[in-house]
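Given chain A, work out where chain B should sit, using these hints.
Number of protein chains: 2
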Amino acid sequence: MKNNNLPIGIFDSGLGGLTTVKEFIKILPNENIVYFGDTGRVPYGTKSQKIIIKYAKQDINFLKFKNVKIIIIACGTVSSIVPKISTFDLKLVSTVKPTINAAALATKNNRIGIIGTNATIRSSTYKNELEKINKNFFVCQKACPMFVPLVENGITNENDPVAMEIVRRYLEEFKNKNIDTLILGCTHYPMLKQVIRKFLPSNITFVDSGKETAKFTANILLKKDLLNSSKKPGKYNFFISDEVSIFKEQAKRFLKLEKFSVNEVSIEKF
Amino acid sequence: MKNNNLPIGIFDSGLGGLTTVKEFIKILPNENIVYFGDTGRVPYGTKSQKIIIKYAKQDINFLKFKNVKIIIIACGTVSSIVPKISTFDLKLVSTVKPTINAAALATKNNRIGIIGTNATIRSSTYKNELEKINKNFFVCQKACPMFVPLVENGITNENDPVAMEIVRRYLEEFKNKNIDTLILGCTHYPMLKQVIRKFLPSNITFVDSGKETAKFTANILLKKDLLNSSKKPGKYNFFISDEVSIFKEQAKRFLKLEKFSVNEVSIEKF
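Keeping their order, the protein sequence lines are chains A and B. Residue numbers are given in my numbering: position 250 of the first sequence equals residue 250, and the series is strictly consecutive. Residue numbers are given in my numbering: position 209 of the second sequence equals residue 209, and the series is strictly consecutive.
No lab work stands behind these hints, which were simulated from the structure alone. Quick reminder that beta carbons are idealized off the backbone N, C-alpha and C, glycines included. Certain hints may be false.
[Claimed, not checked] Some chain B residues judged to face chain A by a derived CB distance under 7 Å, without partners named:
| hint | residue |
| --- | --- |
| 1 | 50 |
| 2 | 53 |
| 3 | 158 |
| 4 | 162 |
In isolation and in its complexed conformation, chain A is listed as follows (with noise of 0.2 Å):
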């Protein structure tokens, strides 16, 4: 039996999947949703691997429950640890593949940059697997923690001199580093790009981890023809484990969506 009019579903700690979301939409504008984000136990990047796998495996079998035919994982924080978390039953695609082929196409001279939460950067996964693309990869990397707050508390404009100043001490060792490309590697991080984008050589290219695991996505839904046949726009059901009314103002801004639903659901449940 095809599965091609069962929804795609996206889980993230909180609201930075919704700049994956954004790209879904845009990318495949006839397919159904269902978002998963763990406002209320959000941020995932501070916390350690084995709560980060624990919370993971219950934002899954959520979506396995809501009857999904894939599950994106739009969280670099949960991407990073995700050979840890087994599912048999259902196809998983978390960002770190689609982004780290994405750079290693972009780069011409091989010298490649990874920002992310503490989590994902202690985890080492988008360096390791770039080295094993291309041993001669020159890779660095450098956690931001700072960055998430920033984004949450809306400190992202480019001329702000905290945003400014917390980009110039993260990034700062990037400077001489020579790099042409670097990896966005936490779907917060977009919102961030134009101060980012001040401080570094205009050079590099930025790998924004949510557009490139959209595009991968339609791919392999395309290759496995799952993809939604109907002509209608796609229907958005978003589930989170705070209250609703702030989220859904948010997404409501930010995706620019005119129908939607927001509920909230025991996520520890699950």
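Just chain B now, with coordinates in the frame of chain A:
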């Protein structure tokens, strides 16, 4: 049956409550302490009232299970909504009453400022309770959501331009309010005291909720004849909801304790 030798239970969303534990050890060195820090779900102050109530009830149930004689809410955010958490069988001490009593005593011109997390300021609890003590009090309050990430990332030096600029943004409006007393309404904030001190007029008295809560609790235990009769140093058992290794280091450094235990607990089961 008297319960004098039972431990005091203290909880917080994470590490902030350690500033309170430090004051308890100073004032009540012979008391045994059981501490719970919800490091797996930190922070609380950015979340909704509904989810904070849910988490706080689990935290309290865990401490009851540990058979403590009194429970201290070492978290300004939970304290600000404590009337919504009913416990009939055990004394709950929040930071609100000790802190507002101390502020009411400290002010000479009846003008008091309050800073706290989004959730704390949204509740207006500290403000309302102060105005109940004296309707002539002029009270101004301000949410400072970037203060917790600053502290958690160690950006607390009085000469740090990021810390100084963020303090300026939040507290600029207090400069012309002629307050003589400022309530630090979150147990993280004492770690930013030097930066705030440098920015605000030097005549302002700071009220530290952890310190006041420890003094207040000592009085309750004395009045109820519940002080521990032991002359030996207290025993310290910490429980957290994420991995213990990082916490262990931080507790050791911050509390300067030689002997203590740290264990992980699945808090959602309580």
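Hint check results:
1. 50: holds, 6 Å
2. 53: violated, 11 Å
3. 158: violated, 16 Å
4. 162: This hint holds: residue 162 of chain B lies near chain A, its Cβ roughly 5 Å from the closest one there, short of 7 Å.
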